[in-house]
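Enquirer: Chains as they are written, first to last, in this note's numbering: chain A, 1 to 199; chain B, 1001 to 1372.
It is possible that some hints are incorrect.
To be verified - Below, simulated DSS-like cross-link-like pairs (lysine-lysine); rule was C-alpha separation at most 30 Å, straight line:
1. B:1082 to B:1093
2. B:1054 to B:1093
3. A:88 to B:1156
4. B:1054 to A:88
5. B:1086 to B:1156
6. B:1082 to B:1156
Worth flagging that the hints you see were computed from the coordinates, not collected in a lab.
Please read these numbers as outputs of a predicted model, since none were measured by experiment.
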Amino acid sequence: MSIAITTQFICFTVLSLVVIIGALGVVLLESIVYSAFLLGGVFMSVAGLYLLLNASFVAAAQVLVYVGAVNVLIIFAIMLVNKKEDLKPINDIKSRRVISTSICLTLLSLLIRVDLTNVWNLSSPQNSIGEESTIRIGEHLFSDYLLPFEVASVLLLMAMIGAIVLARRDVMSKDISTGLPVDQELIEKSSEPLLTNKN
Amino acid sequence: MEYGLDLEYSFNEFLKGFGLSSEIAHIIWLPLPMLLVLVAAVVGVLVTVWLERKISAAAQQRIGPEYAGALGVLQPIADGLKLLVKEDIIPAKADGILFTAGPILVLVPVILSWLIVPFGQNLLISNVGIGIFLWIALSSIQPIGLLMSGYASNNKYSLLGGLRAAAQSISYEIPLALSVLAIVLMTNSLSTVDIVNQQSGAGILSWNIWRQPVGFIVFWICALAECERLPFDLPEAEEELVAGYQTEYAGMKFALFYLGSYINLILSALLVSILYLGGWGFPIPVELIAKFLNLPINAPFIQVFTASIGIVMTILKAYLLVFIAILLRWTTPRVRIDQLLDLGWKFLLPISLANLLITAGLKLAFPQFFGG
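Given these sequences and hints, build the entire structure.
Expert: Have a look at this one:
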């Protein structure tokens, strides 16, 4: 085994372990902040796997979009909504856990079956396009994948309009779900006066 | 890559002369440029800290450090040693793991980004194809480290500082990436080496600053904002937030933040010089000088001369920009958070979008000037 292959094998093992353990941590940990940070670690390791596959552009895009934007926004939201709230215990928690676990296991077995039955048409490492992949991705995005690419931008526009409507509460004077008049005060305003007599 | 020093090749040939296989020679070679760049970055930080102290003193009509070494040149080393031997304090109610991981996550991406900084045709760690895109991607990891340390400190000033830092770097990343995109459009490549080569045609006249003046200014503003330098140092505004996310840190962990911010400043200055000021290029093309002296461009003497001029020019341009950044820090007031976000979203973003559009149009209209 040459040194290059050994290095690649070690990197692959470490990265896959981080992905699996990290993903389990995201689901199983009690603290939502830890879950969010671990999610970032999982995204980074997936980017590392892309790098091992010679897809450096996809790896960098993964870091930029998932770690730099999605994960940062998740953490941001968690820290802004820092409400201490006693959650009600759910009655049928055990059956819910059984159901969700079984659904996840079914999906996993489906994926494993796809992996085993499909004939993977792999090109040899000598034929990999490597650095040229950036150009190929660009060509595909502007030819045969143009429609999905543009539809994705419409999706983003919809999300943006939704966010603006939610953030600017002067747009709607009534709450949609309860029908009560909406509190028009600033979100940042403290709900209790800052200088109350605390003795 | 017709000419230029190829140290890796020569080094490997030299080792093979001792009967080593090419693989082992490669492994011995690998850590050398990394160590060299790491040392260069740290020395660069020491120089910048000294410059900051001296220039700020001059701006405020003080003398500045003068007892540690001649003109106080040893002052940054003394600072570093002091931080090194200080007690490492983790506050009782802080989250130990995240508190330690935060500064590391801030520093590591910045150092990794030095991978793509070229000091000459072959004088960079790795000429990766995605080049400048790698830097944009890596610099987007930093806010996570800032949020992490802000949260883990369990201190409201730290949390506010971390949130501000994340908001700031998210909003300034977009115009930054868009102005880089205009350069990439002109170069037809993401590689930093290609970007510099594209500007090397006619010396100072072919530098990107003349073709991308708007992009240059947008990039510089955004780079300052990403480095959290004054006038954009809201995350650590000391009058409001004590020191932002750094409030609870002491000793080596604080030093990591300190190092990270200064390495980031030097990196940004280097990247501005690479993207807009011709990188390692001399204001007069070296080929012209060689032709004038009737020397072949491939002669060993000329190659060493070109390489050393390249390194000197890169560092000179970068430190000129660092000097401007330091002057800005000590002469401008801090912006408010709403002004900061207004500037980012309502001014820089539309301007950089328009710049990209105009660049694309000009590229189609004048392919010989704007890269065909």
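Enquirer: Is it true that the CA of residue 1082 of chain B sits at most 30 Å from the CA of residue 1093 of chain B?
Expert: holds, 26 Å
Enquirer: Between residue 88 of chain A and residue 1156 of chain B, does the CA-CA distance stay at or below 30 Å?
Expert: It holds: about 28 Å lies between the C-alpha atoms, which stays within 30 Å.
Enquirer: Given the hinted pair residue 1086 of chain B and residue 1156 of chain B, is their alpha-carbon gap at most 30 Å?
Expert: With Cα atoms ~25 Å apart, residue 1086 of chain B and residue 1156 of chain B stay inside 30 Å; holds.
Enquirer: Is the Cα-Cα distance between residue 1054 of chain B and residue 1093 of chain B 30 Å or less?
Expert: Distance ~39 Å between residue 1054 of chain B and residue 1093 of chain B Cα, so the pair is violated.
Enquirer: Between the alpha carbons of residue 1054 of chain B and residue 88 of chain A, is the straight-line distance 30 Å or under?
Expert: Violated. Residue 1054 of chain B to residue 88 of chain A sits at ~60 Å, over the 30 Å cutoff.
Enquirer: Is the hinted pair residue 1082 of chain B and residue 1156 of chain B satisfied, with a Cα-Cα distance of at most 30 Å?
Expert: Roughly 28 Å between the alpha carbons, so the hint for residue 1082 of chain B and residue 1156 of chain B holds.
Hints 2, 4, counting from the list given before, are not met by this structure.
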